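Undergrad: These protein sequence lines map, in sequence, to chains A and B.
Just so we're aligned, residue 1 is where the first sequence starts under our numbering, counting upward by one.
Just so we're aligned, residue 315 is where the second sequence starts under our numbering, counting upward by one.
Calculated from the structure, these hints are not laboratory results.
Here the structure is a predicted model, which means the values were calculated and not measured.
Glycine included, each C-beta is placed from N, C-alpha and C at the ideal position.
Warning: the hint list may mix true and false statements.
Here are some chain B residues the structure puts well away from chain A; computed CB gaps all over 10 Å [claimed, not checked]: (1) T340; (2) N365; (3) I497; (4) R545; (5) V568.
Here are some chain A residues pointing at chain B (derived, C-beta under 10 Å) [as the list claims (entries may be wrong)]: (6) L85; (7) A198; (8) E208; (9) A213; (10) F217; (11) S311.
DSS-like, lysine-lysine: derived pairs with alpha carbons at most 27 Å apart [stated by the list, open to error]: (12) K433(B) - K454(B); (13) K425(B) - K454(B); (14) K377(B) - K330(B); (15) K510(B) - K442(B); (16) K308(A) - K425(B); (17) K105(A) - K330(B); (18) K308(A) - K459(B); (19) K459(B) - K442(B); (20) K308(A) - K433(B); (21) K454(B) - K308(A); (22) K510(B) - K317(B); (23) K425(B) - K442(B); (24) K425(B) - K510(B); (25) K454(B) - K510(B); (26) K442(B) - K454(B).
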Amino acid sequence: MTTIVARDTIRAPQRAGDRIFSTATVVAGSLILAVLAAVAAFLLVQSLPAFVATPADFKGDAANFWAYVWPLAFGTLWSALLALLIAIPLAIGIALFISHYAPRKLAQGLGYIIDLLAAVPSVVFGLWGIGVLAPLLQPFYTSLVEWFGWIPLFAGPVSGTGRTILTVSIVLAVMVLPIITAICREIFLQTPVLYEEASLALGATRWEMIAMAVLPFGRSGIISASMLGLGRALGETMAVAMVLSPSPQVIFALLTSQNPTTIAANIALNFPEAHGTGVNILLATGLVLFVITLAVNMVARVIINRRKAFSGAN
Amino acid sequence: MSKRIEVNDLNVYYSKFLAVEGVSLTIEPRTVTALIGPSGCGKSTFLRTLNRMHEVIPGAYVKGEVLIDGNNLYGPGVDPVLVRRQVGMVFQRPNPFPTMSIGDNVLAGVKLNNRRMAKSDADDLIEKSLRGANLWNEVKDRLDKPGSSLSGGQQQRLCIARAIAVQPDVILMDEPCSALDPISTLAIEDLIEEMKADYTIVIVTHNMQQASRVSDRTGFFNIAGTGKPGRLIEYSDTTTIFSNPSIQATEDYVSGRFG
Ligand SMILES: Nc1ncnc2c1ncn2[C@@H]1O[C@H](COP(=O)(O)OP(=O)(O)OP(=O)(O)O)[C@@H](O)[C@H]1O
Ligand SMILES: [Mg+2]
Numbered sequence: 001m002t003t004i005v006a007r008d009t010i011r012a013p014q015r016a017g018d019r020i021f022s023t024a025t026v027v028a029g030s031l032i033l034a035v036l037a038a039v040a041a042f043l044l045v046q047s048l049p050a051f052v053a054t055p056a057d058f059k060g061d062a063a064n065f066w067a068y069v070w071p072l073a074f075g076t077l078w079s080a081l082l083a084l085l086i087a088i089p090l091a092i093g094i095a096l097f098i099s100h101y102a103p104r105k106l107a108q109g110l111g112y113i114i115d116l117l118a119a120v121p122s123v124v125f126g127l128w129g130i131g132v133l134a135p136l137l138q139p140f141y142t143s144l145v146e147w148f149g150w151i152p153l154f155a156g157p158v159s160g161t162g163r164t165i166l167t168v169s170i171v172l173a174v175m176v177l178p179i180i181t182a183i184c185r186e187i188f189l190q191t192p193v194l195y196e197e198a199s200l201a202l203g204a205t206r207w208e209m210i211a212m213a214v215l216p217f218g219r220s221g222i223i224s225a226s227m228l229g230l231g232r233a234l235g236e237t238m239a240v241a242m243v244l245s246p247s248p249q250v251i252f253a254l255l256t257s258q259n260p261t262t263i264a265a266n267i268a269l270n271f272p273e274a275h276g277t278g279v280n281i282l283l284a285t286g287l288v289l290f291v292i293t294l295a296v297n298m299v300a301r302v303i304i305n306r307r308k309a310f311s312g313a314n
Numbered sequence: 315m316s317k318r319i320e321v322n323d324l325n326v327y328y329s330k331f332l333a334v335e336g337v338s339l340t341i342e343p344r345t346v347t348a349l350i351g352p353s354g355c356g357k358s359t360f361l362r363t364l365n366r367m368h369e370v371i372p373g374a375y376v377k378g379e380v381l382i383d384g385n386n387l388y389g390p391g392v393d394p395v396l397v398r399r400q401v402g403m404v405f406q407r408p409n410p411f412p413t414m415s416i417g418d419n420v421l422a423g424v425k426l427n428n429r430r431m432a433k434s435d436a437d438d439l440i441e442k443s444l445r446g447a448n449l450w451n452e453v454k455d456r457l458d459k460p461g462s463s464l465s466g467g468q469q470q471r472l473c474i475a476r477a478i479a480v481q482p483d484v485i486l487m488d489e490p491c492s493a494l495d496p497i498s499t500l501a502i503e504d505l506i507e508e509m510k511a512d513y514t515i516v517i518v519t520h521n522m523q524q525a526s527r528v529s530d531r532t533g534f535f536n537i538a539g540t541g542k543p544g545r546l547i548e549y550s551d552t553t554t555i556f557s558n559p560s561i562q563a564t565e566d567y568v569s570g571r572f573g
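Next comes chain A alone, as it looks inside the complex (with noise of 0.2 Å):
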């Protein structure tokens, strides 16, 4: 072997650690893409009937299959956002007081209880929102009716049990809340030092620095955990389900006792009796749900690559 032959050949050595690493790697990635796969076959394929059924088959009187699923998927987007809605802000608020405004010890504390929400199951939630909030809420729902029954959203009748979408969407926003707070908080405690140093050196105040340099610098992170909250949301069953008796149609209106309900709520109500053809329309309102949550994520991508050069992350 001459000297030339032997640099023509010069690799990189093959270290068994790494081999097995990116194995792994690849492996782990391929595998969440095949069972994505596989589920979306698995309603696309169960799905097709549904396309093609008559009036007849449908609950209620949808035409099509189109019509029928219309009010279901604006009901869960619409619950989903005044869920996040309401959520959002509060998550931000609180993983701000832990991060930087409690004491050490009330932070830690706090952060437990918010952890321990999230492991609240949702039959309890939909327990408390029909036990207890709805009642509680009522009063405040009449008087809002007839101070502001002139804005579309809080247009009367006023429902006798406060059991709207918009206690609906006040249980969903509980249930995420936990989620978006504990990664909120996580992002925000990474904010470099040497910036938070760099706008308080400049004379800002405690609420300035966070504005200039904890939230940009969270700004990706605070999308993707509303993500992960809004995926909870959409596809949240029994609470729904427990608190709201749906009369599926797009209504805007917050107060009134005719609510639209969700896919998954619906899924789950009319699951047990459904068969034949009945079955496939439920999977194929899956289905809708699949590729709603798969374009609302696709949308945030969007939105966090779009300023990716001042993300900070370069």
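Could you slot chain B with the ligands onto chain A? The hints should help.
TA: Okay, now just chain B with the ligands, sitting in the frame of chain A:
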């Protein structure tokens, strides 16, 4: 704009640990003062007490007085936030906000005081500050790019521009050139020389040539042993410290015999 700093018998603590003990000195306006000394002797700690930045570290506190034009920084009712608007700081590692454009970085401190600024005023201030930091020609065509898109030396000058944009009375610099190449270092030294006309500057450095090149007065800090507090050993004109110091330890340090 430039102000006089007087420190009287200052002790700095990290919780129970006494890090710096008994510092008294006077810094005249429109001068550059260099602080030198071995690692861990409390130079950064002391420097940060001049704009109350040490209070950012939990448990850190001082005893003693720091007077700026006669006003005690640690007097009752003094707001550290206002102190820091008066006494700016440049850190060892360049830290422009990567989440902001170059232009916004310059305005970051100004916007705290004065949120609504006419666009033309803002542009003027950006240009003036960047010119003041000798950076204008290099970045004028890319003011909207992120602050992190600059080289290390440029980033440090951007930080200086950001500090002078708020027109402080005093500028503190903690080893501003330690992460930079010799050319950028010289650029910043020239800049310090020019800024002296308007500001009182205090700079910590490990570079003896730098101290002798840029400063009018030099303070030598030392520490008796690990766990002991740092002290100001000698404080005098820079030429005296480097050519004819009155204390043996200073002479040993500046001539490179220890530390
Ligand atoms: N955040 C802190 N908490 C507790 N002790 C600290 C802290 N920062 C510094 N110290 C201690 O205070 C003393 C002085 O540290 P300081 O950083 O001021 O030294 P320095 O002179 O700036 O050193 P260098 O030249 O290496 O930067 C050291 O003993 C150090 O361990
Ligand atoms: Mg230091």
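Undergrad: Confirm or reject each hint.
TA: Okay, the hints, checked on the actual structure:
1. T340: Holds: least Cβ distance 23 Å, greater than 10 Å.
2. N365: Contrary to the label, N365(B) does not stay out of reach of chain A, its closest Cβ about 7 Å off (not over 10 Å).
3. I497: Holds, because the least Cβ-Cβ distance between I497(B) and chain A comes to about 24 Å, which exceeds 10 Å.
4. R545: 26 Å, holds
5. V568: At about 30 Å from chain A, V568(B) clears the 10 Å cut-off, so the statement holds.
6. L85: 25 Å, violated
7. A198: With a minimum Cβ separation of about 4 Å from chain B (threshold 10 Å), the hint on A198(A) holds.
8. E208: Nearest chain B Cβ about 6 Å off; hint holds.
9. A213: 7 Å, holds
10. F217: Given a least distance of 6 Å, the restraint on F217(A) holds.
11. S311: 7 Å, holds
12. K433(B) - K454(B): 16 Å, holds
13. K425(B) - K454(B): Satisfied, since the Cα-Cα distance of roughly 20 Å is no more than 27 Å.
14. K377(B) - K330(B): 13 Å, holds
15. K510(B) - K442(B): Holds - the C-alpha atoms of K442(B) and K510(B) are around 16 Å apart, at most 27 Å.
16. K308(A) - K425(B): 24 Å, holds
17. K105(A) - K330(B): 20 Å, holds
18. K308(A) - K459(B): 12 Å, holds
19. K459(B) - K442(B): Between K459(B) and K442(B) the Cα gap is close to 18 Å, so the pair holds against 27 Å.
20. K308(A) - K433(B): 26 Å, holds
21. K454(B) - K308(A): Distance of about 22 Å is within 27 Å: holds.
22. K510(B) - K317(B): Cα-Cα ~12 Å, so holds.
23. K425(B) - K442(B): 16 Å, holds
24. K425(B) - K510(B): Distance of about 25 Å is within 27 Å: holds.
25. K454(B) - K510(B): Holds, at about 25 Å.
26. K442(B) - K454(B): 11 Å, holds
Taken one by one, the earlier hints fail for this structure at numbers 2, 6, listed in ascending order.
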